[in-house]
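There are 4 protein chains.
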Amino acid sequence: MAGSTTGTAFRVTTAGESHGPGNVVIVDGVPPGLALAVDDLLPDLARRRPGQSTLVTQRKEPDHPEIMSGVFEGRTTGTPIAVVVPSVDARSRDYSKIKDTYRPGHADFTFDAKYGFRDYRGGGRSSARETVARVVAGAIARKLLAERWGVQILGYVVQVGDVVARVTDPTTVTREAIESQPVRCPDPSAATRMIELIERVRSERDSIGGVAEIVAMDVPAGWGEPVFDKLKADLGKALFSLPAVVGVEYGNGFEVATMRGSENNDLLVAEEHGESTQVRSRTNRHGGMLGGISSGMPIVMRCAVKPTSSIARDQETVDRAGRSTTISTRGRHDPCLLPRFAPMGEAMMAIVLADHALRQVTNRLLIDTPGAS
Amino acid sequence: MAGSTTGTAFRVTTAGESHGPGNVVIVDGVPPGLALAVDDLLPDLARRRPGQSTLVTQRKEPDHPEIMSGVFEGRTTGTPIAVVVPSVDARSRDYSKIKDTYRPGHADFTFDAKYGFRDYRGGGRSSARETVARVVAGAIARKLLAERWGVQILGYVVQVGDVVARVTDPTTVTREAIESQPVRCPDPSAATRMIELIERVRSERDSIGGVAEIVAMDVPAGWGEPVFDKLKADLGKALFSLPAVVGVEYGNGFEVATMRGSENNDLLVAEEHGESTQVRSRTNRHGGMLGGISSGMPIVMRCAVKPTSSIARDQETVDRAGRSTTISTRGRHDPCLLPRFAPMGEAMMAIVLADHALRQVTNRLLIDTPGAS
Amino acid sequence: MAGSTTGTAFRVTTAGESHGPGNVVIVDGVPPGLALAVDDLLPDLARRRPGQSTLVTQRKEPDHPEIMSGVFEGRTTGTPIAVVVPSVDARSRDYSKIKDTYRPGHADFTFDAKYGFRDYRGGGRSSARETVARVVAGAIARKLLAERWGVQILGYVVQVGDVVARVTDPTTVTREAIESQPVRCPDPSAATRMIELIERVRSERDSIGGVAEIVAMDVPAGWGEPVFDKLKADLGKALFSLPAVVGVEYGNGFEVATMRGSENNDLLVAEEHGESTQVRSRTNRHGGMLGGISSGMPIVMRCAVKPTSSIARDQETVDRAGRSTTISTRGRHDPCLLPRFAPMGEAMMAIVLADHALRQVTNRLLIDTPGAS
Amino acid sequence: MAGSTTGTAFRVTTAGESHGPGNVVIVDGVPPGLALAVDDLLPDLARRRPGQSTLVTQRKEPDHPEIMSGVFEGRTTGTPIAVVVPSVDARSRDYSKIKDTYRPGHADFTFDAKYGFRDYRGGGRSSARETVARVVAGAIARKLLAERWGVQILGYVVQVGDVVARVTDPTTVTREAIESQPVRCPDPSAATRMIELIERVRSERDSIGGVAEIVAMDVPAGWGEPVFDKLKADLGKALFSLPAVVGVEYGNGFEVATMRGSENNDLLVAEEHGESTQVRSRTNRHGGMLGGISSGMPIVMRCAVKPTSSIARDQETVDRAGRSTTISTRGRHDPCLLPRFAPMGEAMMAIVLADHALRQVTNRLLIDTPGAS
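Protein chains in written order, with the working numbering: chain A, 133 to 505; chain B, 133 to 505; chain C, 133 to 505; chain D, 133 to 505.
Treat the hints as calculated values from the structure; they're not laboratory data.
Incorrect hints may have been included.
Where chains are identical, the list cannot tell them apart; a pair therefore holds if satisfied intra-copy or between any two copies.
[To be verified] In silico lysine to any residue, SDA-like type, Cα no more than 20 Å apart, as pairs:
(1) Lys229 to Glu205
(2) Lys229 to Gly454
(3) Lys231 to Gln410
(4) Lys231 to Ile499
(5) Lys229 to Arg462
Okay, chain A solo, but in the shape it has when bound (with noise of 0.2 Å):
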């Protein structure tokens, strides 16, 4: 049944398969009067972009989107937003040999579970592609995000396989940093030493698996809802929604398993900002979020990404008669998914945060909100 709308006040719709026409994205819910131009979509979709180095597929698609609505005079007009990504290197011939052999990692047997078929050319609605249609939606709520309320989301790796960023301080990061290196990792250092991974283990037809580290800056407090709609509860929903994540945390994420409250807690001081005073907390072992609500310290969240399914080996597996056979894709694809993943992260979050940004603002009508803005 229908689950391709996300959203409650900044609802986003999306449709497209890998190697359809173009993928289609309507966003529902933008206000009135925000500047926007097909020029602001464009830098996230060319970060998202297969091609943009050797780290990365190779499928040449130019992404250039096509705003059919939504948009009068160079202004939001409050109406729905839609726009069209055409496909334009969809090499069917590629994809063949799919079509009735389940790739293992991949949704092509889990698809015909669910659907008795599946439009087989590159995953269909499974691909990776999809998330261009997010992308352009995130883009529309950072702008949003960053115009209304100053709001800045970054996305970086900061692990492939066993090497590991060095990234001490999330609000010292910048786009610069992180643009200036093929696979995203802010730390040169270890920028090189991913690239060196991933090259060894596409020679040896392998993939390999990361960290992305996606952080927004100066969101703030009081974001979120109590209880299911929590704001961790829906950026957790929208990260875990893209493709190859199968790992979400926030603050100190899994290292709680072994701390005590003590050490956990971040004891909350008060700053003087002239005339009025913003509680802040010492620390940000909470990742920007107390009861699903944001706090107004960063919010700092890690994806874990597995290792590309598609993978130049034999690999045994099943035909859809149930027939014992082996598959190797040699196919166009990333050995490390990491590189792309950044804008598509922070895309989930873009999106989320403009949700919930609108969904507070009727709860300014009857009474002062300290702290928050």
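Chains B, C and D: place on chain A using the hints.
Frame of chain A, contents of chains B, C and D only:
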């Protein structure tokens, strides 16, 4: 804005605070004809209940639910099921001193930032008391899943502090093995050491974190949706929506960071069952979900649960006026949340699986679906 | 599938049947800070209550609601408000004979067709008893609308049988004029004749239909959405969702069929209010909504309400086994639904307007909105 | 806030304005396996299209849709179906003068009040052009309903001005009888007089209203939900969401005001079909719905459609600055909306019925449902 409803086809809405007259849940979408009585709700409530052992908070709540609607002559009618769980032991006097002081690690400050003020009695809506409504909904979901699809869900503790349980195969864990230990760890040796650790931590007026594993067995292949509502995404959201969860993973989880595709992929084989053939994987590194859709293998998820924020030690903080102060919370608190977390995690997994079970039904209308049931 | 929740920003979920222990409503999305107490709910409940006059059913229900959550120290907290209204006078014996026989005009047969069986006591979920939950939600919505935006909502009877009230200007109708008549018609002369007609119909063991008008005054221009969620559409749905409503119209309504554009269009004029100018229409043939969005003029809607299906005459019907039989329902029924319909219609209009009031808030974020408040 | 998505299980999202590059619709929730091609969309688009006869606006739009996703090898895949309908004949010059002047009867003023500004070209999002997306979604819904359940939906004109068609039995109306008349009235004599009236009204630079009837045959008993999402409520919302609809009724509609229960109730009888027995009513005064749930009898609804607001006469109005002025809209407008309304009404009924058809499926899981199919 409204955020206390979850689910699409199996829809759960909750209301209630820690120290109000009671908690309320409405479950809408349960198919007609399911045998249901108050007795079906009591076991899970008993496992969530405070005061069940010396390891947990000693607040005394009988948690006796009343079914207000949706059941007639012992069967569900198809109309919404409302259940009220009155609160009895709500000692407001324990909490009066936290009215104006923000407890570190709690939602006190973020609620004030969100709403401008809060029900300060025992955490109000951010209290773990709120999960009593979820456990009721989970018990209904679990019954539906068991009777219609044979799905079984188990939650247990696999780590407290540095004590790690040895659970090599989740499918061999039994409800009896879990419940025979007050700490809900099915490895008796680890359970003993966990209890010792929790008692020591409490005597030191501190708290300790841990990890719980939640497993669903016999889930048919084909549940979940391809994009935003991936099964892993909805399960991730549901588990992150529980208090104190700061990390969620499934299958190999964060270990994939150092793994290669050739190590992480599960190879597929065909198993003959009489005349039919079922596709299975040799291993279950994928934790039962591929492309966001269930594969028929056990769904295996893990949650990192932080140490209780309430500790009986002076901690630096600020009050509502922004003045520095200290606070020590001496109330009745769990020194470790893990023992009572297991039934909450099971409830959330059951709610999500029931939702996706019902959502999958419409895909059966026009086509035969091989491999799914 | 789940259908007992309505609204996007002001979200109402109900549960409960005619003869269960009580009805339950959860209202999620009320902004924090609204003064609210049980006393705010009682007047509307009293107007909906059975037994209030000799014109209506004599079932005796005190309808004493309990607020379970979402209110603290007399103000809403921003978290969901649950209200339970226990049922007291549920005489199941009156209904035992309809267990297997379908009453003409009732939902007995359609419920069986839908669910396979039904709670046959007093109509179960299809009973008008269910509207008690809506009236509670409506009272909360009405208070929010009045306090924040000054919106006033009135419902009254304009026709019973062939007795038509003379109400030339809805804005001159007062609550006092309505409530001074047990039939809730503000035209005293018509009211007297309506009462006579209802009494005569009852003495003839029959029932009679009519029309109610529901009016909202001082609704700001700009509420509503352009396409599916037009204000007229959501109001239309809300009014059609009430039992016995078989027609809804606004403004000129069905009279437009014979009108020309030059007769039906309302001409626009500018009214000066001190330094500001407000756009108004000379006439209100459009009933306060243009393009599905409020115009600032009074919203005027009318509902056709069918005669009570339960009549104390033998009527031809069939039983569950498909055998021909007759039925006469001698229980305690309203011979005319209109007097008690007015508060139900007001409640539904209030719920929809509160929802759209909150939905409109996000449009204020980036741009000044002339003409709206 | 977001309002361009409708439906729960069959979910339709639209975007697009009158004079943008095109209109977009995403239909999510269509079960896999439905045969679908562009040719299935063309007939309904042709019936909605401007320029089809001299009775309607002469804007020339080929309305050639492109299916972007969700269909593979001629069958739906279960994933969202996106369709783009490019606009071609968008003569912006016709509309430049209405940039700052509010047209009486249009949404110009209310859009400005809502959003602060608007896309003034041809009504923007409030234009009837937007319904092209609904007709696409309706064509998909109609195909699903016909192939799986045998449901047939017909819309036709029963009144224009004072010309009233004679349609005694909706079940005898045929598509051929409707489409043989450019005014879409199946009564040839009335159709002739309607055409004369429309031509006269146009020559007088005026417009005229009317009534359309929308009928669904062979809808199984049991579709709909008991409370907020009653079938009549969702159908009412859907029809009211169409431009110019100011009244909706079903069955006896507003005539019930003067009717007695003994006149309005439909008596039930059992019809034998071979070995099975089906409950039917002798008459269909209830228009196919009881308690908000389909009864198995034809669903019969009527919509009051106002006269076109755009007329080529000077009308008093104000501009954005609040100055008095006049406006006469000489563009290409329908003098009567009814002929093109019929396919729009059919589309909305199909969308709602498809949604409730899919929603009903989950009620079949645990229990046999007599009387429904």
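Earlier hints that do not hold, by number: none
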